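K.L.:
The residues making up each chain are set out below.
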Amino acid sequence: MLNYNRIVLAFFIVFVSSSLLFAGGPWPQAKGKGYFKLYEWWIIFDQHFTDSGNLDPNVTTGIFNTSVYAEYGLSNRVTAILNAPVLSRNYMNNLVSATTEQVLVAGEGINTIGDIDLGVKYALTKPGAKYPIAATLILGLPTGKTNGGEQGNLQTGDGEFNQLLQVDVGTSYALGKKSSIYFSANLGFNNRTNEFSDEIRYGLEAGLGLAKSRLWLIARLNAIESLKNGATAATATSTSIFANNTEFTSIGFEANYYITKKFGVSAGFATATRGEIIAAAPSYSVGFFYDMNR
Amino acid sequence: MYRQSIYVLLACSVLTGCIGNDFVFDEVDPVLRITTSIDTMQINTTLQFEQMYLNNIGVEESVNATWVSSDESVIAISTDGLAEALQEGSSVIATEYHTADGMLRDEITVYVGQTASTGGASASGVIQTTSSYLLEGDFTIQETENGIRIEIAENYRASTALPGLYVYLTNNKNTTANALEIGAVQVFSGAHQYDIPNVKVSDYSHILYFCKPFNVKVGDGEIR
Chain A
1 MLNYNRIVLA FFIVFVSSSL LFAGGPWPQA KGKGYFKLYE WWIIFDQHFT
51 DSGNLDPNVT TGIFNTSVYA EYGLSNRVTA ILNAPVLSRN YMNNLVSATT
101 EQVLVAGEGI NTIGDIDLGV KYALTKPGAK YPIAATLILG LPTGKTNGGE
151 QGNLQTGDGE FNQLLQVDVG TSYALGKKSS IYFSANLGFN NRTNEFSDEI
201 RYGLEAGLGL AKSRLWLIAR LNAIESLKNG ATAATATSTS IFANNTEFTS
251 IGFEANYYIT KKFGVSAGFA TATRGEIIAA APSYSVGFFY DMNR
Chain B
1 MYRQSIYVLL ACSVLTGCIG NDFVFDEVDP VLRITTSIDT MQINTTLQFE
51 QMYLNNIGVE ESVNATWVSS DESVIAISTD GLAEALQEGS SVIATEYHTA
101 DGMLRDEITV YVGQTASTGG ASASGVIQTT SSYLLEGDFT IQETENGIRI
151 EIAENYRAST ALPGLYVYLT NNKNTTANAL EIGAVQVFSG AHQYDIPNVK
201 VSDYSHILYF CKPFNVKVGD GEIR
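Chains A and B, in that order, give the protein sequences.
Taking this note's numbering, the leading residue of the first sequence gets 1, the next gets one more, and so forth.
Taking this note's numbering, the leading residue of the second sequence gets 1, the next gets one more, and so forth.
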């Protein structure tokens, strides 16, 4: 069953995905090595991009996800990937009369687990290649809640099982003895079920490593183009309450700092520069990571 | 260190996602409205006229409105609205209510004849978008035996991209609070109709379209 909180979830999935790219890209983990991250991602928005790309207001809505992200090298070319929002909070504000100050519509919130992503990355090129290429399959498991709250309009999952097949390519260079830089690009196809439209996803990323790679500054551009081959409110078989055909282009920035050799902190934000049926507000993330590769 | 990190993140998740208040600017002009549907009174009969007062948020309140007739020789009316048709002709029947900001008034012309006629209450209007979403079309409203029928015209179109589009009848076009929910929009193009029992044409001032789950106003249409 499609659901209107796809607006929220699309934003969630996309920006979580963007946060994963730091440890991802076309570079697989070495066998027995891993990258682990505990992070908080959130967005609060009171306006959204409409189907014509304009901005309209909506009740203030927030999503806060506390997630575990992990990559582990099963071999030098195969890496297992997990992204698990272990605590996901979705809420909407009260609507209060400015005239009488009485609550017109009571706000609600739910706290549950979110949708879990499981995946595997396979290096199509040999480890150490100058232009590494990797293919990644991500399975989006509908483990979140789809109809929370008294009105059933709160979600921490979309209730659909999607399969994202993505190809990443990249390269990196040393900039002197203390700095380095990398570039990567990705292109993916997201096959979605339950009458949701399939998607083309693509992105660009550049990272600058400073202070002997203790500090990484990263910039990202991500986009989703809907194939608009799913149901609309007029054709959905189950309900007209949903949003589909979400599209957007976003830019994001992130800083990662290794406090010790393997342990570090990260912080970032991203925002959509254009969109359709999607939240219009910056999303933020902070986290801690452990990198076994150093 | 790791345990502290987890605590910080969990606290961040739970504590910062607090439900706040969004204020809705829902003030409207108070209205006094005659709700009795009558075109012609039968001579030598009486009729109790009724009115509705809607306050500054469009909610009905009981008030001591008075009634007057422009021609007491045709229709005599008491201050509480009991009218008596005395002779053939016509008279303007009005109800008035004095507020702190002035006087509210509504009036209708009533004829006196050999037979009574309600004239068949009806109204019409134009649905128009108040958002970036497509919404347009004409409509008419007719009283039926047990309520009203809203007929949306062939030129109606609504966006299919919007999540949870619902249609309401309301006396405050700024909010769905105190509105009558007709139901989820099922038709997004072309003519269709809604039959609504136990409602009169004069009960509401607007048709209202709202994205219910996100409380986004999409459009409205004044009932004239």
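Don't read these hints as lab results, they were simulated from the structure.
Careful, some of the hints might be misleading.
With a Cα cut of at most 20 Å, we get these calculated SDA-like pairs of lysine to any residue [said to hold, decoys possible]:
(1) A:145 <-> B:19
(2) A:178 <-> A:212
(3) A:228 <-> B:134
(4) A:228 <-> A:164
(5) B:173 <-> A:178
(6) A:261 <-> A:228
(7) B:173 <-> A:57
(8) B:173 <-> B:128
(9) A:212 <-> A:263
(10) A:262 <-> A:36
(11) B:173 <-> A:96
(12) A:33 <-> A:264
(13) B:200 <-> B:143
(14) B:173 <-> A:213
(15) A:126 <-> A:178
(16) A:262 <-> A:201
(17) A:178 <-> A:228
(18) A:130 <-> A:99
(19) B:173 <-> B:61
(20) A:261 <-> A:213
(21) B:173 <-> A:179
(22) B:173 <-> A:75
(23) A:130 <-> A:177
(24) A:31 <-> A:289
(25) A:262 <-> A:228
(26) B:173 <-> A:101
(27) B:173 <-> A:98
(28) B:173 <-> A:100
(29) B:173 <-> A:172
(30) A:145 <-> B:87
(31) B:200 <-> B:180
(32) B:173 <-> A:31
(33) B:173 <-> A:33
(34) A:261 <-> A:214
(35) A:31 <-> A:126
Reference listing, derived: stretches of chain B covered by chain A, where coverage requires no fewer than 3 residues with Cβ under 8 Å from a Cβ of chain A [claimed, not checked]:
(36) 17 to 30
(37) 152 to 161
From the structure, some residues in chain A lie toward chain B, with a derived Cβ separation under 10 Å [claimed, not checked]:
(38) 46
(39) 48
(40) 60
Every value quoted in this text rests on a predicted model; they were computed, and no experiment measured them.
Ideal Cβ positions, reconstructed from N, Cα and C, are used throughout, including at glycine.
K.L.:
Each hint should be assessed against the structure and marked as holding or not.
P.N.:
Status of each hint after checking the structure:
no.: 1; hint: A:145 <-> B:19; verdict: holds (19 Å)
no.: 2; hint: A:178 <-> A:212; verdict: holds (4 Å)
no.: 3; hint: A:228 <-> B:134; verdict: holds (18 Å)
no.: 4; hint: A:228 <-> A:164; verdict: holds (16 Å)
no.: 5; hint: B:173 <-> A:178; verdict: violated (63 Å)
no.: 6; hint: A:261 <-> A:228; verdict: violated (46 Å)
no.: 7; hint: B:173 <-> A:57; verdict: holds (16 Å)
no.: 8; hint: B:173 <-> B:128; verdict: holds (12 Å)
no.: 9; hint: A:212 <-> A:263; verdict: holds (15 Å)
no.: 10; hint: A:262 <-> A:36; verdict: holds (10 Å)
no.: 11; hint: B:173 <-> A:96; verdict: holds (15 Å)
no.: 12; hint: A:33 <-> A:264; verdict: holds (16 Å)
no.: 13; hint: B:200 <-> B:143; verdict: holds (7 Å)
no.: 14; hint: B:173 <-> A:213; verdict: violated (58 Å)
no.: 15; hint: A:126 <-> A:178; verdict: violated (26 Å)
no.: 16; hint: A:262 <-> A:201; verdict: violated (31 Å)
no.: 17; hint: A:178 <-> A:228; verdict: violated (47 Å)
no.: 18; hint: A:130 <-> A:99; verdict: violated (65 Å)
no.: 19; hint: B:173 <-> B:61; verdict: holds (18 Å)
no.: 20; hint: A:261 <-> A:213; verdict: holds (10 Å)
no.: 21; hint: B:173 <-> A:179; verdict: violated (60 Å)
no.: 22; hint: B:173 <-> A:75; verdict: violated (63 Å)
no.: 23; hint: A:130 <-> A:177; verdict: holds (19 Å)
no.: 24; hint: A:31 <-> A:289; verdict: holds (19 Å)
no.: 25; hint: A:262 <-> A:228; verdict: violated (44 Å)
no.: 26; hint: B:173 <-> A:101; verdict: holds (18 Å)
no.: 27; hint: B:173 <-> A:98; verdict: holds (14 Å)
no.: 28; hint: B:173 <-> A:100; verdict: holds (16 Å)
no.: 29; hint: B:173 <-> A:172; verdict: violated (58 Å)
no.: 30; hint: A:145 <-> B:87; verdict: violated (70 Å)
no.: 31; hint: B:200 <-> B:180; verdict: holds (12 Å)
no.: 32; hint: B:173 <-> A:31; verdict: violated (63 Å)
no.: 33; hint: B:173 <-> A:33; verdict: violated (60 Å)
no.: 34; hint: A:261 <-> A:214; verdict: holds (8 Å)
no.: 35; hint: A:31 <-> A:126; verdict: holds (13 Å)
no.: 36; hint: 17 to 30; verdict: holds (count 11)
no.: 37; hint: 152 to 161; verdict: holds (count 3)
no.: 38; hint: 46; verdict: holds (7 Å)
no.: 39; hint: 48; verdict: holds (8 Å)
no.: 40; hint: 60; verdict: holds (5 Å)
Checked against the numbered hints given earlier, the structure breaks hints 5, 6, 14, 15, 16, 17, 18, 21, 22, 25, 29, 30, 32 and 33 and satisfies all the rest.
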